[in-house]
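Visitor: Dock chain one against chain two, each of which comes alone in its own frame, and use the hints as you go.
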Amino acid sequence: MTQNKNIAPRNDSAAEPTTTRPVVAPAVDIYENQHEYLILADLPGVPSDGVRIRFENGELSLDATRQNGETGETIGSEIVAADYRRLFRIPETVDSDKIDAKLQNGVLHLVLPKASKAGPRQISVTAS
Amino acid sequence: MLTYWMDVNDPFRAFDSVRRRMDQVFREYDESAGPRARLSYPRASLRATPESFLLTAEVPGLGENDIQISATMDSLTIAGERKAAAPEGYAAHRQERGAIRFARSFALPAKIDVDKVSASVKNGVLTVTMPKHPESQPKAITVKAQ
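Those sequence lines, one after another, are chains D and R. The opening residue of the first sequence carries number 1 in the working numbering; numbering runs sequentially from there. The opening residue of the second sequence carries number 1001 in the working numbering; numbering runs sequentially from there.
Chain R on its own, in the form it takes in the complex (with noise of 0.2 Å):
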């Protein structure tokens, strides 16, 4: 480092590695933010129902074939894959569907019966039920007056 400011024979280098890094933190802030982010990917939501807990994602074009689901007590991973639809013998004019590898993982507030986990996705829409686990289940309790 002490090299690199006594460079005298190129006293910008400095400020080209500057630059390299505002240029790195932008394009990371980019992605993670654009309306094309691709971290976040299928867009989902969680909620929960007394008995248990229900995931929606949007899958669109992709088959029971093509998704993958695991749980453990906590977490819930979905993964799959959708390739590119473009079909033989056409020319592209407009391309916005393009073909995405994806995996997500979400934790759950808490504990779920991991064997009665089940899934369905109809109309391009993925809905994983996962029933609380007896543990998680609120329990009335009753108060004795004395």
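With the rest of the complex left out, here is chain D (with noise of 0.2 Å):
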């Protein structure tokens, strides 16, 4: 008789992994200015063309694959082959056609501008 000891808790909102390879999230800065938002995510060991980056249904989905090219017998590791994935909730406001993103030095820089229509407008007040 097999016995797998190692059934981890289900938890409802994550998709159901297919690989042993863990998906962690990784850590990200939000910032927002009158024109845009801006993600900050760290992504060490991730080369550029390894990011996913999907826009749909008001939810942005980042994705990224760390590449392996471990050689060598391991004496001691604290660093886990993973592949990163976090989800954002994206606001209507903004304008999903520009969203670009850089990688630089392992930290992707995503710019989510606003569409025009959002940005902030001066109403003048007339004397009559």
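Hints are computed from structural coordinates only; laboratory data are not their basis. Idealized CB from N, CA, C, for every residue including glycine. Hints may contain errors.
[Claimed, not checked] Partial selection, computed: residues in chain D whose CB lies under 7 Å from chain R:
(1) Ala27
(2) Tyr31
(3) Pro47
[What the hints assert, rightly or not] So these bits of chain R aren't anywhere near chain D, every CB distance computed over 10 Å:
(4) Met1022
(5) Ile1069
(6) Ala1071
(7) Phe1102
(8) Ser1118
(9) His1133
[What the hints assert, rightly or not] EDC-like cross-link-like pairs, simulated, lysine to aspartate or glutamate; straight-line CA separation at most 20 Å:
(10) Lys114/D x Glu32/D
(11) Lys1122/R x Glu70/D
(12) Lys102/D x Glu1088/R
(13) Lys1122/R x Glu78/D
Guide: See the structure below:
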């Protein structure tokens, strides 16, 4: 009889993994100014073609795959060969066609420009 | 200590002191084991090939000028600083990637050739290659039949 002792507690909100590679949520910063939202995410070990960003139904999903280039015999390791995944709910005011991403030193810079109609508008008061 | 226990005016003072000590124990435990444990930043792994040791460390956001490395025959120290990345003119909704200053030393299992240590940083991962000292490289020994 075989017994699997590594049954993980079921998490309703997460997709079921089909590989043994763990999936972790990267640390992110979220900023906002008048013109855009800016998301910074730590993705160490991910090459620029390993990042997939999808925008669908008001949700932005960030998936990234780490490169595995391990040689030699491991003496000690704290680094898990994991993939990164994180979801963001994006307000409708974002112009999804102009989302821009760049990867620099293992940090992803994701710029979500606000649609022009959502920008602040100055309303002048005229004296009658 | 004796006067402490004999303090008739405040018999609960001893409990106070015990509680404070327990709080401290838990606080220390938390900081060393929590997910945000700063004591072991950056996360690293050490591997060995027949010729050299390879240390990799996750240092997202750090460039070549932000990391200092020093090596002795049997230890390696990496130090660095990530400055607060908060861009100007933005309001912050969420900040999980704090500024951090770190220094971490690793004891190596064998002697290395200090002059030939090299390091590179790519995609936020630091790789330090430490060639083994000739003394610590294995030598093949032939067996003679007699």
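Visitor: Determine for every hint whether it applies to the structure shown.
Guide: So, going through the hints one by one against the coordinates:
Interface restraint check: Ala27/D against chain R, minimum CB-CB distance 4 Å, threshold 7 Å, status holds. The beta carbon of Tyr31/D is positioned within 7 Å of a beta carbon in chain R (closest approach about 4 Å), and the interface hint is therefore held. Interface hint status for Pro47/D: upheld, as the beta-carbon distance to the closest one in chain R is roughly 6 Å, under 7 Å. Against the 10 Å criterion, Met1022/R stays outside the reach of chain D, whose nearest CB is about 29 Å from its own CB.
Chain D leaves Ile1069/R outside its interface by the beta-carbon criterion, the shortest separation being 17 Å against a cut-off of 10 Å. Separation of Ala1071/R from chain D is adequate, the least Cβ-Cβ distance of about 16 Å exceeding the 10 Å criterion. With a cut of 10 Å on Cβ distances, Phe1102/R stays outside the contact zone with chain D, its closest approach being about 14 Å. The claim that Ser1118/R lies off the interface holds: its Cβ sits roughly 15 Å from the closest Cβ of chain D, which is beyond the 10 Å cut-off.
Every CB of chain D is more than 10 Å from the CB of His1133/R (nearest about 17 Å), matching its label as outside the interface. Annotation: proposed proximity of Lys114/D to Glu32/D holds, straight-line Cα distance about 10 Å (limit 20 Å). Taken as a hint, the Lys1122/R and Glu70/D pair is honoured in the structure, with Cα atoms around 14 Å apart against an allowance of 20 Å. For the hint linking Lys102/D to Glu1088/R, the alpha-carbon distance of about 19 Å falls within 20 Å, and the restraint holds.
At most 20 Å may separate the alpha-carbon atoms for a hinted pair to count; Lys1122/R and Glu78/D meet this at roughly 18 Å.
Going down the numbered hints, you'll see the structure goes against none, and every one checks out.
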